[in-house]
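Asks: Spelled out from the first residue to the last, the chains are:
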Amino acid sequence: MVGAGAAALHARVPHTHPWEDAATAHTAHTGPAADRGHAAFRAGGAVDHRANGFDPHEVLRDFDWGTTRRLPSGRVVREWELEAVDREIEVMPGVRFAAWTYNGRIPGPTLRCREGELLRVTFANGSTHSHTMHFHGIHPAEMDGVPGVGAGHIRPGARTVYEFEADPAGLHLYHCHVRPLAEHIAKGLYGAFIVDPADGRPEADEVVMVLNGFDTNFDRANEVYAANTVGFTYMDRPVVAQRDALVRVYLVNVLEYDLVNSFHLHGNLFDYFPTGTSPRPSELTDTVMLCQGQRGILEWRFPTPGRFMFHAHQSEFTELGWQGFFEVS
Amino acid sequence: MEAHGVTERRAPTVRRASPPAWLLGVVPLLLVAAALAGFAALDGPGLGERRGPPAEELAVERTVLRPGLIELTVRNDGPDAVRVAQVTVNDAFVQFDGAREPIARLAAATVRIRQPWVEGEAYEVALVTSSGGTVAHEIPVAVLTPTRDGSFFGLMALLGVYVGVIPVALGMLWLPWVRRVPPAWLRAIMGLTIGLLAFLALDATLEGLELAGEGSQAFGGPALVLLGGAVSYLLLSGVGSWLGGRRQAARAAGAPAGTLAVLVAVGIGLHNLGEGVAIGAAYSAGALALGAFLVVGFALHNTTEGLAIVAPLARERPSVGRLAALGLIAGAPAVLGAWIGAAAFSASLAAFLFGFGAGAIAQVIVLLAPSMRDDGGRTLHPAAVCAVLGGMAIMFSTGLLVSV
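In order, the protein sequence lines correspond to chains A and B. Take 1 as the starting number for the first sequence in the working numbering and just add one per residue. Take 1 as the starting number for the second sequence in the working numbering and just add one per residue.
In short, the hints are calculated from the structure, not lab data. No residue lacks a Cβ here, since even glycine has one placed at the ideal position from N, Cα and C. You may find that some hints are simply not true.
[To be verified] If you anchor each label on the Cβ, the simulated ranges turn out as follows: (1) A:E316 to B:E214: 24 to 32 Å; (2) B:N90 to A:P140: 18 to 26 Å; (3) B:A218 to A:P305: 33 to 41 Å.
[What the hints assert, rightly or not] With the Cβ distance kept under 8 Å, some of the chain B side facing chain A (calculated, not the full set): (4) R83; (5) A85; (6) T88; (7) D91; (8) V94; (9) G98; (10) S130; (11) G132; (12) G133; (13) T145; (14) S241.
Based on the sequences and whatever the hints tell you, model everything.
Replies: Structure representation (structure tokens):
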């Protein structure tokens with residue numbers, strides 16, 4: 001079953017394997033970052049998103065609402081199927097990393113639901129290692145996705161169903177909780193989990209940014225940093241935004257090995273809603289700091305057009321990939 | 001059993017004398033070639049794929065700093081080809097040229113990194129390979145690499161003359177004094193000379209081993225130093241016996257004092273070649289402050305080398321031209337070494353040259369040792385031991401004045 005699932009996923013995602021066509025994977029996609037004085041990957045190379053099976057530009061606005069049905073009581077049941085898949089990912093141009101993923105992508109699907117719904121997450125382990133899905137939020141102990149409680153370890157080839165209520169409204173995350181914890185997270189097993197308030201949020205241009213990094217040489221320090229896995233990708237192709245429209249960023253930090261991460265916006269300030277659990281912002285600022293697992297919602301409107309940078313305000317992370325542009329028109 | 005069979009079979013072959021001897025010598029080689037060809041054609045039957053990830057090893061052989069540019073020449077030391085995918089300098093991705101293709105085993109490539117480096121600051125360059133591994137290279141102090149024009153080579157030549165030629169020539173001025181001392185004193189001077197040389201040999205070996213550790217290990221690393229030593233020892237032994245043979249033919253009996261002096265000069269010259277390489281390379285890398293202190297230190301250190309050359313000539317009457325030639329043999333290689341070190345430094349080559357110098361000196365020590373013998377025929381008599389230790393002490397203390 002699990003193997004079939006992996007094969008189905010493999011067939012569904014349009015891609016080429018880099019080893020089939022190494023030359024075309026490195027055709028001259030000289031990004032603007034390369035020649036505008038910012039740190040950048042080597043000019044003339046680019047990550048092959050097709051081969052990776054996911055594109056960070058699609059991840060930005062890809063909200064997975066799952067499938068729903070109604071119980072006789074009228075309550076909505078929202079269901080997803082996730083599978084752990086071992087997969088080689090090109091994490092910077094020309095560098096491959098043996099990753100562990102949910103559904104073949106990093107970050108895993110952004111699971112989105114409404115407050116009060118009953119959630120059923122079927123987790124199949126198609127990896128060669130034991131994994132779990134541990135959700136942040138309020139749920140029964142046996143649904144916590146940690147070893148030794150409830151279903152505990154989900155062994156290779158096994159599956160389980162995590163079932164709990166969507167509570168509370170806010171921005172959360174999920175990740176694997178099998179030891180060694182740092183490795184299971186750093187290799188790619190994490191994703192954003194959004195619970196909308198029952199009465200929703202104001203209409204906005206919404207994007208998800210999961211802040212992560214990769215330790216490609218296994219020295220417990222990251223070689224490359226990014227929002228949504230591929231460094232500099234939003235420098236080479238900016239995130240498009242509309243002038244005066246409300247922008248909402250769901251920001252989740254899962255970065256392993258570094259104590260903190262941050263988000264800084266140029267030329268604007270944003271309302272910050274820590275964990276997205278309160279309708280009132282905690283502050284109006286242009287820089288927030290997050291430890292691993294910390295997350296928050298950012299809202300603002302661009303009053304003027306142009307290119308505005310966003311990046312970690314740790315210069316090291318910035319110049320190791322975690323930077324991008326908003327292109328406002 | 002088998003060996004027995006072979007001898008039985010060989011005897012009749014020789015008697016029949018059908019295949020020529022050279023063919024018999026070549027047959028095993030042909031068989032090896034055929035076996036290897038078959039093995040390769042069958043794609044190594046039974047071996048399968050190698051297990052584990054690729055083994056990636058890159059050694060940085062040369063660092064050149066130009067305005068806004070850091071150039072690293074790297075050599076692939078490992079068994080597999082290595083592709084440099086990205087480069088970071090001080091934890092920031094940078095633009096670079098070169099090494100687009102994978103670097104094959106033992107092949108070298110130059111990576112030209114655009115980096116607005118600041119003089120006097122330290123940099124860590126990391127080459128990120130296609131498997132995600134990193135090869136870190138530290139530049140402890142960034143300084144502009146000198147351009148290699150005429151004036152630069154002139155400066156290197158001057159440096160070589162300062163630290164090699166002049167001190168050795170000055171040291172040779174001890175000759176008149178050496179001529180007049182009584183035999184017991186002369187034996188002590190020979191002991192002193194041996195002590196000086198022993199220190200130089202040790203120093204050269206250690207310096208060579210240190211350099212070998214920095215260079216590409218695929219070429220043998222520390223083995224290069226030992227190989228260099230063996231090569232020069234054997235070469236000088238051969239040359240010595242050849243010269244000695246000719247001299248003896250000309251003069252039925254007589255101490256080969258002239259030969260000894262030449263060999264001492266050659267040994268010291270080879271040592272100064274290595275020293276010149278180290279000085280030139282250190283200057284190129286900005287790791288050497290050219291100052292009066294360095295020159296004075298080397299002058300004191302190397303002046304004693306002049307004494308070592310003239311000591312065997314105490315009972316000879318060499319011409320001024322011959323003395324000048326000996327001085328040049330011993331001192332001039334420092335100039336050549338400085339050029340090599342500044343222009344084409346490779347840690348592996350330098351390590352080999354240091355080993356070469358050490359081997360030459362060891363050979364000279366063996367030749368000189370009999371001249372310490374006292375009337376009783378003892379070599380390591382108390383006076384000789386004191387002299388040898390004294391020689392080592394002189395070199396140790398003057399060596400403290402210079403460190404390259």
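Asks: State for each hint whether it applies.
Replies: Hint check results:
1. A:E316 to B:E214: 24 to 32 Å: 28 Å, holds
2. B:N90 to A:P140: 18 to 26 Å: Given range 18 to 26 Å: violated, Cβ gap about 49 Å.
3. B:A218 to A:P305: 33 to 41 Å: 57 Å, violated
4. R83: Where the cut-off is 8 Å and the nearest Cβ of chain A is about 7 Å from B:R83, the hint holds.
5. A85: This interface hint holds because 3 Å falls under the 8 Å limit.
6. T88: 7 Å, holds
7. D91: 5 Å, holds
8. V94: Interface hint status for B:V94: holds (7 Å vs cutoff 8 Å).
9. G98: Interface hint status for B:G98: violated (11 Å vs cutoff 8 Å).
10. S130: With a closest approach of 5 Å, the B:S130 hint holds.
11. G132: 3 Å, holds
12. G133: Check passed: Cβ of B:G133 comes within 5 Å of chain A, closer than 8 Å.
13. T145: Hint violated; B:T145 Cβ to chain A Cβ min 23 Å, cut 8 Å.
14. S241: Violated. Min distance 55 Å.
Hint compliance for this structure: hints 2, 3, 9, 13, 14 are broken, all remaining hints hold.
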